[in-house]
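Residue-level listing of the chains:
Protein chains: 2
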Amino acid sequence: MPHHELVAELTAGLPSGSVLADPEVTASYRHDMASFSEAGTPAVVVLPRTVEEVQHVMRTATALRVPVVPQGARTGLSGGANATDDCIVLSTARMDRILDIDPVERIAVVEPGVVNAVLSRAVGERGLCYPPDPSSWEMCTIGGNIGTGAGGLCCVKYGVTAEYVLGLEVVLADGRLLSTGRRTAKGVAGYDLTRLFVGSEGTLGIVVKAVLALRPAPPPQLALAAEFPSTAAACAAVCSIMESGHVPSLLELMDGTTIRAVNAMANMGLPETTEALLLAAFDTPEPAADLAAVGALCSAAGATEVVPAEDAAESEMLLQARRLSLTALERLSTATMIDDVCVPRARLGDMLEGVAAVARTYDLTIGVCAHAGDGNTHPVVCFDARDPDESRRARESFDAIMALGLGLGGTITGEHGVGVLKKEWLARELGPTGTELQRGVKAVFDPLGLLNPGKLF
Amino acid sequence: MPHHELVAELTAGLPSGSVLADPEVTASYRHDMASFSEAGTPAVVVLPRTVEEVQHVMRTATALRVPVVPQGARTGLSGGANATDDCIVLSTARMDRILDIDPVERIAVVEPGVVNAVLSRAVGERGLCYPPDPSSWEMCTIGGNIGTGAGGLCCVKYGVTAEYVLGLEVVLADGRLLSTGRRTAKGVAGYDLTRLFVGSEGTLGIVVKAVLALRPAPPPQLALAAEFPSTAAACAAVCSIMESGHVPSLLELMDGTTIRAVNAMANMGLPETTEALLLAAFDTPEPAADLAAVGALCSAAGATEVVPAEDAAESEMLLQARRLSLTALERLSTATMIDDVCVPRARLGDMLEGVAAVARTYDLTIGVCAHAGDGNTHPVVCFDARDPDESRRARESFDAIMALGLGLGGTITGEHGVGVLKKEWLARELGPTGTELQRGVKAVFDPLGLLNPGKLF
Chain A
1 MPHHELVAEL
11 TAGLPSGSVL
21 ADPEVTASYR
31 HDMASFSEAG
41 TPAVVVLPRT
51 VEEVQHVMRT
61 ATALRVPVVP
71 QGARTGLSGG
81 ANATDDCIVL
91 STARMDRILD
101 IDPVERIAVV
111 EPGVVNAVLS
121 RAVGERGLCY
131 PPDPSSWEMC
141 TIGGNIGTGA
151 GGLCCVKYGV
161 TAEYVLGLEV
171 VLADGRLLST
181 GRRTAKGVAG
191 YDLTRLFVGS
201 EGTLGIVVKA
211 VLALRPAPPP
221 QLALAAEFPS
231 TAAACAAVCS
241 IMESGHVPSL
251 LELMDGTTIR
261 AVNAMANMGL
271 PETTEALLLA
281 AFDTPEPAAD
291 LAAVGALCSA
301 AGATEVVPAE
311 DAAESEMLLQ
321 ARRLSLTALE
331 RLSTATMIDD
341 VCVPRARLGD
351 MLEGVAAVAR
361 TYDLTIGVCA
371 HAGDGNTHPV
381 VCFDARDPDE
391 SRRARESFDA
401 IMALGLGLGG
411 TITGEHGVGV
421 LKKEWLAREL
431 GPTGTELQRG
441 VKAVFDPLGL
451 LNPGKLF
Chain B
1 MPHHELVAEL
11 TAGLPSGSVL
21 ADPEVTASYR
31 HDMASFSEAG
41 TPAVVVLPRT
51 VEEVQHVMRT
61 ATALRVPVVP
71 QGARTGLSGG
81 ANATDDCIVL
91 STARMDRILD
101 IDPVERIAVV
111 EPGVVNAVLS
121 RAVGERGLCY
131 PPDPSSWEMC
141 TIGGNIGTGA
151 GGLCCVKYGV
161 TAEYVLGLEV
171 VLADGRLLST
181 GRRTAKGVAG
191 YDLTRLFVGS
201 EGTLGIVVKA
211 VLALRPAPPP
221 QLALAAEFPS
231 TAAACAAVCS
241 IMESGHVPSL
251 LELMDGTTIR
261 AVNAMANMGL
271 PETTEALLLA
281 AFDTPEPAAD
291 LAAVGALCSA
301 AGATEVVPAE
311 DAAESEMLLQ
321 ARRLSLTALE
331 RLSTATMIDD
341 VCVPRARLGD
351 MLEGVAAVAR
361 TYDLTIGVCA
371 HAGDGNTHPV
381 VCFDARDPDE
391 SRRARESFDA
401 IMALGLGLGG
411 TITGEHGVGV
421 LKKEWLAREL
431 GPTGTELQRG
441 VKAVFDPLGL
451 LNPGKLF
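Protein chains in written order, with full-length UniProt numbering: chain A, 1 to 457; chain B, 1 to 457.
These aren't lab readings, by the way, just hints derived from the structure by calculation. Beta carbons are placed, not taken as given, at the ideal position from N, Cα and C, and that holds for glycine. Treat the hints with caution; some may be incorrect.
Quick list of simulated restraints, FRET-style, between CB atoms [stated by the list, open to error]:
1. A:Ala-293 with B:Arg-360: 56 to 64 angstroms
2. A:Pro-285 with B:Ala-264: 18 to 26 angstroms
3. A:Arg-65 with B:Ala-385: 56 to 64 angstroms
4. B:Asp-100 with A:Ala-293: 20 to 28 angstroms
5. A:Asp-363 with B:Arg-439: 50 to 58 angstroms
Capping the alpha-carbon separation at 27 angstroms, the derived lysine-lysine pairs in BS3-like fashion look like this [said to hold, decoys possible]:
6. B:Lys-442 with A:Lys-442
7. B:Lys-209 with A:Lys-157
8. A:Lys-209 with A:Lys-442
9. A:Lys-442 with B:Lys-423
10. B:Lys-209 with B:Lys-442
11. A:Lys-442 with B:Lys-157
12. B:Lys-442 with B:Lys-423
13. B:Lys-442 with A:Lys-423
14. B:Lys-442 with A:Lys-209
15. A:Lys-209 with B:Lys-157
16. B:Lys-157 with A:Lys-157
17. A:Lys-442 with A:Lys-423
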């Protein structure tokens, strides 16, 4: 169908300024932040502000059989928000109101375009906390977090986005409005459709409202850094910390490649011989005691240096190295690819050793940061995108890393999602029976296959 | 099809003693512990021990088009495990092995017939904790807990069964084996089918293995009891406790009817003028300090007496009143019906007042225990089952209580499930769009409608 007809139909039900059709403008909505992920050219971008406007878009899309790609802030790392050719891009960026924050029910009710950090600060002012904290939290939206099932640094103690979504309002492919879940603390009435939408990457419906669970704000966390002569020793410390019953609010690992990249950029003064840095933090009533116990476990596992922070400012300095990791690795070449393989904690050492072997095999620089307490690794493949051979090797190393993770009993994605980047791998992880059932579920919600086609499967 | 042919087909693939066809024996598998729930007469009861045996049962059922009703310990309260006429009852009671307890991954891998208390004690010996603690925990099975999405006393801090199920193995209606989820701490690969099975009441497949998340065992909890002259005052205290950011490990409420029933049975010495008893407990590092703060909030809300326990033994004595509640209410008549309405915390007072009004309208005794911190009430309707008019009024009061809960923004079931008891009410709570989609999901997994027919919808 000609684009101008589609634009006319959309414009008929949307306020002025909500429909963008200038190709130079719409081009900027083509893709998210994933490398190596195909992206098409949208016919039109719509920016609805209300549920009714979203319903108009979906009714139009269904009537005209036009695919719809939902987008939040496009900070995703798997191409899940990438446009397909001639699609409608539906951005929820303007649906950005916090509708309610209720300290008695410990819930927030929000529109999908609310930025994670905006919500976090707003609930913080009420003494509450919305834990999920992806690295992109200053930009990414709650709708995108729900779409990908986003995680973050705090997940080792507080879990991922899925655990904070109590109920949803969703516009279906045909424009009908569905309410799922609840505002109450508990509820088991029927199948858990709420949870089905979390991590569904916009393939089942458009989330237009979410009821989120909040927690009381914890005390400020206190951190320590421990330097190890090998990743194996650091991973042994992770297992020992978790086995001993500690509940850190953060347990992160950086490998030698990452440490050296951070040192080169920011002169952090980390010894060049350190092959792994472990960062642990506690937000318990007596964090110093917890840090002392964990420090002793690190020393027993072979740490050469254990540095506990004395206060919040020192903690922030220690964590700075972790926060700079990705930027530092990005400086090593012209492009990076970030993987997201999660393995059982006990296999973390094997995973890191395997990634080092992959880097040697493909002659690439691969630095690893990991949410170590969750076994969730982010190998960052650094490559020169101008070099076709190196780019090919980068793509192949990425696949080798996923194969490695699956072989270790892990999953291809801990928190970034599947998108277009990993869809062949999803089929491998789910197997034929799982894939068939997932496709069956998709068909129930989106029989015409209009919602974010080409993602997941 | 004649029962003897079905029995012959089943027996061909199952070890001797696994197929029960004597009507006097099979009759004892007709129903769970729900009142007012229709139950049919099974053709046969099978007690498989292995995944392959479950697959044989399901293949046979599909080939012969015979419905299958899965059962755990039949402690359910909604008729979800009730037989239908001429069905196969598939009891998972003999699949009762704990396959793994792993303190590094903080997971247990279990078969569905493992009794909740057996698992809890086994993980406790390893310094770990499996939180979900339904009242029937000494009898009920993990498979049944997963089927209903069971809760318990600890949910106010630790959440419900759904939050502890990481992965499943499920035998589908046609006998195929499906793996869902993961053994890792995180994972977002595809739609969350694991969570779809939790609370699905055996209508989507037979859970044959579960990977469960564990937590480090918390310190022993310390409790207080607070006596209130009205339920309104007690409910105000609940809101004030939650609003103040406290995280109790237990926050239970008993109304005046329940208190007097417990007094009559066990001489607990509770003042007859007390109209509500609130029990709070903390398993924090400094529980006495938390209890003091909560005690002050109770006094401010109008408590006439606040009794903090000094130690674990005193705590247990205080909690005894709550544990005896149901037994005490059961003594008041020949039958009881237990409801499970969950409302927003701020509406708990309205809910209790509404239940008292329902009791007056229908001229019945209705005692209420509540997981107050979750807004989850269990009104217990006491009636003489030999009196047709009183039985009718009991059934009607039950419906009135659910209507009340929905009107207050609540759900018809916080943790007991829908079964046959509440299926008309599920349709009301979900609405036509939600119901249509749920039926669509059911059809993907069970196109012939053989799994636990007549439940949920």
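Honestly, which of those hints from before does the structure not fit? 2 and 11
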